[in-house]
Amino acid sequence: MADQDTKQYIIVHSAKYETTYNKKYLNRKVWEEPNFNLIKSYIPGTIIDVLVQEGQTLNAGDSIIVLEAMKMYNDVQMPFDGKILKINIEKGQKIPKSFVMMEIEPVE
Amino acid sequence: MSLKRSILDLRKRKDEVRLGGGEEAIEKQAAMGKLTARERILSIVDEGSFHEYDMFVEHAGTDFDMGTKVLAGDGVVIGTGTIYGGPVCLFAQDFTVAGGSLGLSHARKITKIMDHALKMKVPLIGINDSGGARIQEGVNSLAGYGEIFFRNTLSSGVIPQISVILGPCAGGAVYSPALTDFVFVVENISKMFITGPAVIKSVLGEDISMEALGGARVHAEITGNAHFYALSEKECFEQIKTLISYIPWNNTQKAKSFPAKEPKTKLKIENIVPADARLPYDIRDIIKSITDSSEFFEIMELFAANIVIGFGRMNGETVGFVANQPMVLAGVLDCDSSDKAARFIRYCNAFNIPIITLEDMPGYLPGVDQEHAGVIRHGAKILYSYSEATVPKITVIIRKAYGGGYIAMNSRHLRADFVFAWPTAEIAVMGPEGAANIVFRKEIAEAANPEAMRQQKIQEYKDKFANPYVAASKGYIDEVIEPQETRKILLHALQISTHKDVPAPAKKHGLPPF
Numbered sequence: 006m007a008d009q010d011t012k013q014y015i016i017v018h019s020a021k022y023e024t025t026y027n028k029k030y031l032n033r034k035v036w037e038e039p040n041f042n043l044i045k046s047y048i049p050g051t052i053i054d055v056l057v058q059e060g061q062t063l064n065a066g067d068s069i070i071v072l073e074a075m076k077m078y079n080d081v082q083m084p085f086d087g088k089i090l091k092i093n094i095e096k097g098q099k100i101p102k103s104f105v106m107m108e109i110e111p112v113e
Numbered sequence: 140m141s142l143k144r145s146i147l148d149l150r151k152r153k154d155e156v157r158l159g160g161g162e163e164a165i166e167k168q169a170a171m172g173k174l175t176a177r178e179r180i181l182s183i184v185d186e187g188s189f190h191e192y193d194m195f196v197e198h199a200g201t202d203f204d205m206g207t208k209v210l211a212g213d214g215v216v217i218g219t220g221t222i223y224g225g226p227v228c229l230f231a232q233d234f235t236v237a238g239g240s241l242g243l244s245h246a247r248k249i250t251k252i253m254d255h256a257l258k259m260k261v262p263l264i265g266i267n268d269s270g271g272a273r274i275q276e277g278v279n280s281l282a283g284y285g286e287i288f289f290r291n292t293l294s295s296g297v298i299p300q301i302s303v304i305l306g307p308c309a310g311g312a313v314y315s316p317a318l319t320d321f322v323f324v325v326e327n328i329s330k331m332f333i334t335g336p337a338v339i340k341s342v343l344g345e346d347i348s349m350e351a352l353g354g355a356r357v358h359a360e361i362t363g364n365a366h367f368y369a370l371s372e373k374e375c376f377e378q379i380k381t382l383i384s385y386i387p388w389n390n391t392q393k394a395k396s397f398p399a400k401e402p403k404t405k406l407k408i409e410n411i412v413p414a415d416a417r418l419p420y421d422i423r424d425i426i427k428s429i430t431d432s433s434e435f436f437e438i439m440e441l442f443a444a445n446i447v448i449g450f451g452r453m454n455g456e457t458v459g460f461v462a463n464q465p466m467v468l469a470g471v472l473d474c475d476s477s478d479k480a481a482r483f484i485r486y487c488n489a490f491n492i493p494i495i496t497l498e499d500m501p502g503y504l505p506g507v508d509q510e511h512a513g514v515i516r517h518g519a520k521i522l523y524s525y526s527e528a529t530v531p532k533i534t535v536i537i538r539k540a541y542g543g544g545y546i547a548m549n550s551r552h553l554r555a556d557f558v559f560a561w562p563t564a565e566i567a568v569m570g571p572e573g574a575a576n577i578v579f580r581k582e583i584a585e586a587a588n589p590e591a592m593r594q595q596k597i598q599e600y601k602d603k604f605a606n607p608y609v610a611a612s613k614g615y616i617d618e619v620i621e622p623q624e625t626r627k628i629l630l631h632a633l634q635i636s637t638h639k640d641v642p643a644p645a646k647k648h649g650l651p652p653f
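Protein chains in written order, with this note's numbering: chain R, 6 to 113; chain Y, 140 to 653.
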């Protein structure tokens, strides 16, 4: 808890307070702007099927991946009308959470 | 059979049950650094006070060849005893018998002693050491868990419920401890999780040890599921006995009184707190300079250490302390510290324990992670708990009391009975730095030397508002006191509050922001 040697500070309302950090604070997740062109796994699992190919243009709602997780087949769909730029997965692959499965771009 | 032979036969039967899963299994248990179920109970209760019941209960399994198996006491010991002369009900799962697995009879023994505890209005201590549901008994095991959870809920706020995790406690089994008031864990022995490492590995591919996933330290420091962390079973039992000495036997009583004692160390309170509000110190030093014998029994020491909670005695009577800790994260309120404090406030209120709040906090922890983790609903729990509490509530503002934090930390506005402030207190809508930046934004921007102007304006704001007198002039502070008077004044306030009685509006129950 308070076993750090160097001084640590927290800023609240422009005032800088000398203090110590705890483990959870040090391990907190830093927020990133979401990139909707990355199809990430929202749950870890196994890729049952890849239904599309690179370069293919699809409509919002078209199925692109079947991801097995928690004993269920999950239908991963296109979030908007767009083109498949890159596929980073293959059938049978086990993937962790937040794995970038595909990269896409919107089309008019 | 002659009477003598009957007695000898009874003794033989009892001895067989007391051997649990047999000598080999007991040796295995010892090799893991663990005591047996009965040894554990005997280590907690007063010597010679324990009586065991349901020794001859048999398991209810019939499938998978279970019909022919004998399980001593069905893997759980139940009984009654005393701690410091006060009655308690206890159960302890016996890992040497079928891994302490929970079948129907096992659960019925536990619910029997739980019903007894609630009826007799005495504390319940449950020692968990079990592999989980007894798969051979199928849905009957689940029924057993459900009946235990229901009784935990029914007893909540009526009798103290203490859970001791001295082995695995996995899957559904974890929810009984989670529903109880205090959870004790021991390094290398306690393991709690919903889904174990094997399943996590096979489903998610994440490789983690049992200790790293749900060991004692994890629950004491990261999850907040455990309230007391010990390095050995022996230390754990001492902690349980100390806790028992601080709490009442049920919600209609007050905690046991002890002879009044002056603080041991006559700490110079003035020397603990740095004059600069931006420098840290250990708030526990102030608590110890106030309490009888300078004793403070801290709860959840490792989790959300930016707020300190625990019991001490004032003139021999138990008091709950809630105090911001400038030494960790500047003593800010955040999701975890709000949860921690709120639950403790509600505990004190349920069991007639007055609450003393020591305040020194700059506000809420800024950050996207906090906002997205729901610091609004978590922070609201503190407001709810203090507002709802009808036990005596006394606040001492040591230094910073800014913004929402000022309101939350048992302010006059939430029905505090007494609010005192040290002359070092700064009660304001925010710290001088932040306030000057907003109020004098234009002057600072237009100044030839903005930084010099900023410092000047911060000083102006500090001189005018960073003190207890503005709040005192409006009656929000009852008295500005000298630090060394703190104990004396708190004792007086507690004495005046002895017969406090405030009616609450009729309701089934409130809706705290869980």
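In short, the hints are calculated from the structure, not lab data.
Don't be surprised by glycine CBs; every beta carbon is placed ideally from N, CA and C.
Errors might be hidden in some of the hints.
To be verified - Dumping the calculated BS3-like pairs for lysine-lysine here, alpha-carbon to alpha-carbon at most 30 Å:
#  : chain 1 : residue 1 : chain 2 : residue 2
1  : R       : 28        : Y       : 581
2  : Y       : 340       : R       : 91
3  : R       : 28        : R       : 102
4  : Y       : 613       : R       : 45
5  : R       : 21        : Y       : 167
6  : Y       : 639       : R       : 21
7  : Y       : 340       : R       : 76
8  : Y       : 427       : R       : 29
9  : Y       : 340       : R       : 96
10 : R       : 28        : Y       : 427
11 : Y       : 167       : Y       : 393
12 : R       : 12        : Y       : 407
13 : R       : 12        : Y       : 601
14 : R       : 21        : Y       : 627
15 : R       : 99        : Y       : 373
16 : Y       : 403       : R       : 21
17 : Y       : 400       : Y       : 627
18 : Y       : 167       : Y       : 258
19 : R       : 12        : Y       : 427
20 : R       : 102       : Y       : 340
21 : Y       : 400       : Y       : 581
22 : Y       : 646       : Y       : 627
23 : Y       : 427       : Y       : 403
24 : Y       : 407       : R       : 21
Stated by the list, open to error - For each label pair, taking beta carbons as the anchor points, the in silico distance ranges come out as:
#  : chain 1 : residue 1 : chain 2 : residue 2 : range
25 : R       : 14        : Y       : 162       : 56 to 64 Å
26 : Y       : 648       : R       : 28        : 29 to 37 Å
27 : Y       : 587       : R       : 37        : 36 to 44 Å
28 : R       : 96        : Y       : 350       : 45 to 53 Å
29 : R       : 14        : Y       : 588       : 39 to 47 Å
30 : R       : 14        : Y       : 587       : 58 to 66 Å
31 : Y       : 588       : R       : 28        : 40 to 48 Å
32 : R       : 96        : Y       : 568       : 34 to 42 Å
33 : Y       : 314       : R       : 99        : 50 to 58 Å
34 : R       : 41        : Y       : 608       : 51 to 59 Å
35 : R       : 45        : Y       : 195       : 40 to 48 Å
36 : Y       : 349       : R       : 90        : 51 to 59 Å
37 : R       : 101       : Y       : 618       : 37 to 45 Å
38 : R       : 113       : Y       : 546       : 19 to 27 Å
Consistency of the hints with the structure:
Distance hint between residue 28 of chain R and residue 581 of chain Y is unfulfilled; the C-alpha atoms sit about 40 Å from each other, more than 30 Å. Taking the CA atoms of residue 340 of chain Y and residue 91 of chain R, the gap is about 28 Å. The hint holds against a cut of 30 Å. Among the hinted pairs, residue 28 of chain R with residue 102 of chain R is consistent with the structure: their alpha-carbon atoms are about 23 Å apart, no more than 30 Å. Between the alpha carbons of residue 613 of chain Y and residue 45 of chain R the distance comes to roughly 56 Å, so the proposed pair goes past 30 Å and is violated.
Only pairs whose Cα atoms come within 30 Å are accepted, and residue 21 of chain R paired with residue 167 of chain Y is rejected, the gap being roughly 54 Å. As the CA atoms of residue 639 of chain Y and residue 21 of chain R are separated by approximately 41 Å, the hinted pair breaks the 30 Å bound. Proposed proximity of residue 340 of chain Y and residue 76 of chain R is supported: the alpha carbons are some 15 Å apart, at most 30 Å. Taking the CA atoms of residue 427 of chain Y and residue 29 of chain R, the gap is about 27 Å. The hint holds against a cut of 30 Å.
Of the pairs offered as hints, the one joining residue 340 of chain Y and residue 96 of chain R holds, with about 20 Å between alpha carbons and a cut-off of 30 Å not exceeded. Restraint check for residue 28 of chain R and residue 427 of chain Y: the C-alpha separation of about 26 Å stays at or below 30 Å, so the hint holds. With a C-alpha separation of about 43 Å, the suggested pair residue 167 of chain Y and residue 393 of chain Y falls outside the 30 Å cut-off, and the hint is violated. Distance hint between residue 12 of chain R and residue 407 of chain Y is fulfilled; the C-alpha atoms sit about 25 Å from each other, no more than 30 Å.
Of the supplied pair hints, the one linking residue 12 of chain R and residue 601 of chain Y holds, its CA atoms being roughly 25 Å apart against a limit of 30 Å. For the hint pairing residue 21 of chain R with residue 627 of chain Y, the CA-to-CA distance comes to about 34 Å; that exceeds 30 Å, so the pair is violated. Using a Cα cut-off of 30 Å, the hinted pair residue 99 of chain R and residue 373 of chain Y is violated, with the two alpha carbons roughly 45 Å apart. Our distance criterion of 30 Å between C-alpha atoms is broken by residue 403 of chain Y and residue 21 of chain R, whose separation comes to about 35 Å.
Between residue 400 of chain Y and residue 627 of chain Y, the direct Cα distance comes to roughly 13 Å. Compliance with the 30 Å bound is thereby established for this hinted pair. Taken as a hint, the residue 167 of chain Y and residue 258 of chain Y pair is broken in the structure, with Cα atoms around 37 Å apart against an allowance of 30 Å. Of the supplied pair hints, the one linking residue 12 of chain R and residue 427 of chain Y holds, its CA atoms being roughly 26 Å apart against a limit of 30 Å. With a CA separation close to 13 Å, the supplied pair residue 102 of chain R and residue 340 of chain Y stays within the 30 Å bound.
Distance restraint check for residue 400 of chain Y and residue 581 of chain Y: the Cα-Cα separation of roughly 57 Å exceeds the 30 Å cut-off, and the hinted pair is therefore not satisfied. For a cut-off of 30 Å, the pair hint linking residue 646 of chain Y to residue 627 of chain Y is broken: about 38 Å separates their Cα positions. A hinted pair counts as satisfied when its Cα atoms are at most 30 Å apart, and residue 427 of chain Y with residue 403 of chain Y qualifies at roughly 8 Å. Straight-line distance between C-alpha atoms of residue 407 of chain Y and residue 21 of chain R comes to about 27 Å, which keeps the hinted pair within the 30 Å bound.
At about 59 Å, the CB distance of residue 14 of chain R to residue 162 of chain Y agrees with the hint of 56 to 64 Å. In this structure, residue 648 of chain Y and residue 28 of chain R meet the distance hint of 29 to 37 Å, their C-beta atoms being roughly 35 Å apart. For the pair residue 587 of chain Y and residue 37 of chain R, the beta carbons lie near 41 Å from each other, so the given range of 36 to 44 Å is met. For residue 96 of chain R and residue 350 of chain Y, the hinted distance range of 45 to 53 Å is not satisfied, since their beta carbons lie about 36 Å from each other.
For residue 14 of chain R and residue 588 of chain Y, the Cβ-Cβ distance of about 25 Å falls outside the hinted range of 39 to 47 Å, so the restraint is violated. Taking the beta carbon of each, residue 14 of chain R and residue 587 of chain Y are about 30 Å apart, not inside 58 to 66 Å as hinted. In this structure the supplied range 40 to 48 Å holds for residue 588 of chain Y paired with residue 28 of chain R, their Cβ-Cβ distance being about 42 Å. Judged by the Cβ atoms, the range 34 to 42 Å given for residue 96 of chain R and residue 568 of chain Y is violated: they are separated by roughly 60 Å.
With their beta carbons about 30 Å apart, residue 314 of chain Y and residue 99 of chain R fall outside the hinted range of 50 to 58 Å. Between residue 41 of chain R and residue 608 of chain Y the C-beta distance comes to about 54 Å, which sits within the given range of 51 to 59 Å. For residue 45 of chain R paired with residue 195 of chain Y, a C-beta distance near 58 Å fails the hint of 40 to 48 Å. Range check, residue 349 of chain Y to residue 90 of chain R: about 42 Å between beta-carbon atoms, so the 51 to 59 Å window is missed.
Between residue 101 of chain R and residue 618 of chain Y the beta carbons are some 58 Å apart, a value that contradicts the proposed interval 37 to 45 Å. The hint said 19 to 27 Å for the Cβ distance between residue 113 of chain R and residue 546 of chain Y, and at roughly 52 Å that hint is violated.
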